[in-house]
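Colleague: What follows is the residue order along each chain.
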Amino acid sequence: DGGITQSPKYLFRKEGQNVTLSCEQNLNHDAMYWYRQDPGQGLRLIYYSQIVNDFQKGDIAEGYSVSREKKESFPLTVTSAQKNPTAFYLCASSIGRGLHDGYTFGSGTRLTVV
Amino acid sequence: AQSVTQLDSQVPVFEEAPVELRCNYSSSVSVYLFWYVQYPNQGLQLLLKYLSGSTLVKGINGFEAEFNKSQTSFHLRKPSVHISDTAEYFCAVSEGIYNQGGKLIFGQGTELSVKP
Numbered sequence: 001d002g003g004i005t006q007s008p009k010y011l012f013r014k015e016g017q018n019v020t021l022s023c024e025q026n027l028n029h030d031a032m033y034w035y036r037q038d039p040g041q042g043l044r045l046i047y048y049s050q051i052v053n054d055f056q057k058g059d060i061a062e063g064y065s066v067s068r069e070k071k072e073s074f075p076l077t078v079t080s081a082q083k084n085p086t087a088f089y090l091c092a093s094s095i096g097r098g099l100h101d102g103y104t105f106g107s108g109t110r111l112t113v114v
Numbered sequence: 115a116q117s118v119t120q121l122d123s124q125v126p127v128f129e130e131a132p133v134e135l136r137c138n139y140s141s142s143v144s145v146y147l148f149w150y151v152q153y154p155n156q157g158l159q160l161l162l163k164y165l166s167g168s169t170l171v172k173g174i175n176g177f178e179a180e181f182n183k184s185q186t187s188f189h190l191r192k193p194s195v196h197i198s199d200t201a202e203y204f205c206a207v208s209e210g211i212y213n214q215g216g217k218l219i220f221g222q223g224t225e226l227s228v229k230p
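These protein sequence lines map, in sequence, to chains A and B.
Residues in the first sequence are numbered consecutively from 1, following the numbering used here.
Residues in the second sequence are numbered consecutively from 115, following the numbering used here.
No lab work stands behind these hints: they were computed from the structure.
Any given hint might turn out to be false.
Said to hold, decoys possible - Below, a list of computed lysine to aspartate or glutamate pairs in the DMTMM-like style, where the Cα atoms sit at most 25 Å apart:
id, chain 1, residue 1, chain 2, residue 2
1, B, 163, A, 101
2, B, 172, B, 225
3, A, 14, A, 38
4, A, 9, B, 122
As the list claims (entries may be wrong) - Calculated Cβ distances over 10 Å to all of chain A for the following chain B residues:
id, residue
5, 128
6, 132
7, 163
8, 168
9, 223
The beta carbon of each residue, even a glycine, is placed where N, CA and C say it ideally should be.
Can you make the complete structure from the sequences, with help from the hints?
Modeller: The following block contains the structure:
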């Protein structure tokens with residue numbers, strides 16, 4: 001079955017560490033997105049990519065980095081510069097290519113700073 | 115800039131009662147509109163979408179929504195809710211793929227709590 005896989009489901013980070021969240025899709029979607037979810041704040045866009053080897057900052061990109069070397073993969077690195085990284089992170093994809101049919105979401109990664 | 119406002123942060127309702135979750139958006143151009151549902155510790159699942167055509171849109175799990183351009187609203191309704199409908203619901207808008215890459219802007223979410 002086609003879909004988006006996020007791993008790990010739970011992740012713990014020590015202060016000062018970088019961590020990378022994985023997002024893989026087999027839907028043949030061109031566009032991919034990373035959102036951060038905090039209670040009562042909805043979803044906020046971190047980064048998005050419409051095509052391989054290209055990506056743009058979203059509304060809250062500071063302290064995060066991404067890469068898009070393959071169409072199927074869009075990993076997110078939470079760097080030590082992100083002062084409040086504890087949150088639920090959601091990856092999504094969409095068809096792109098001039099079409100819009102909404103997003104397909106992964107099941108999320110819950111990151112906790114310890 | 116476009117924005118989405120979900121007018122109720124929490125909606126408690128009894129089982130088998132009707133429910134309406136309200137969503138208003140602001141945009142000066144044509145939009146695509148979506149409703150998503152999120153169960154605890156899971157990703158979001160698409161309930162229904164309005165891209166064009168009929169303003170009454172039917173989705174999964176018995177939900178429907180009506181696009182009202184003059185009132186810039188896209189309220190979600192279900193005539194009779196079940197305990198299993200307890201979840202958080204998100205309204206989202208996109209100004210289209212040629213503007214800002216088809217990104218979705220999400221509302222703050224409405225927590226629907228169905229009580230027996």
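Colleague: Does each hint fit the structure? Answer for all of them.
Modeller: Structure-based check of all given hints:
1. 163(B) to 101(A): holds, 8 Å
2. 172(B) to 225(B): holds, 21 Å
3. 14(A) to 38(A): The given pair, whose Cα atoms are some 19 Å apart, holds under the 25 Å limit.
4. 9(A) to 122(B): violated, 30 Å
5. 128: Per Cβ check, residue 128(B) is outside 10 Å of chain A; nearest 25 Å; holds.
6. 132: holds, 25 Å
7. 163: Per Cβ check, residue 163(B) is inside 10 Å of chain A; nearest 5 Å; violated.
8. 168: Consistent with the label, residue 168(B) stays out of reach of chain A, its closest Cβ about 17 Å off (over 10 Å).
9. 223: violated, 6 Å
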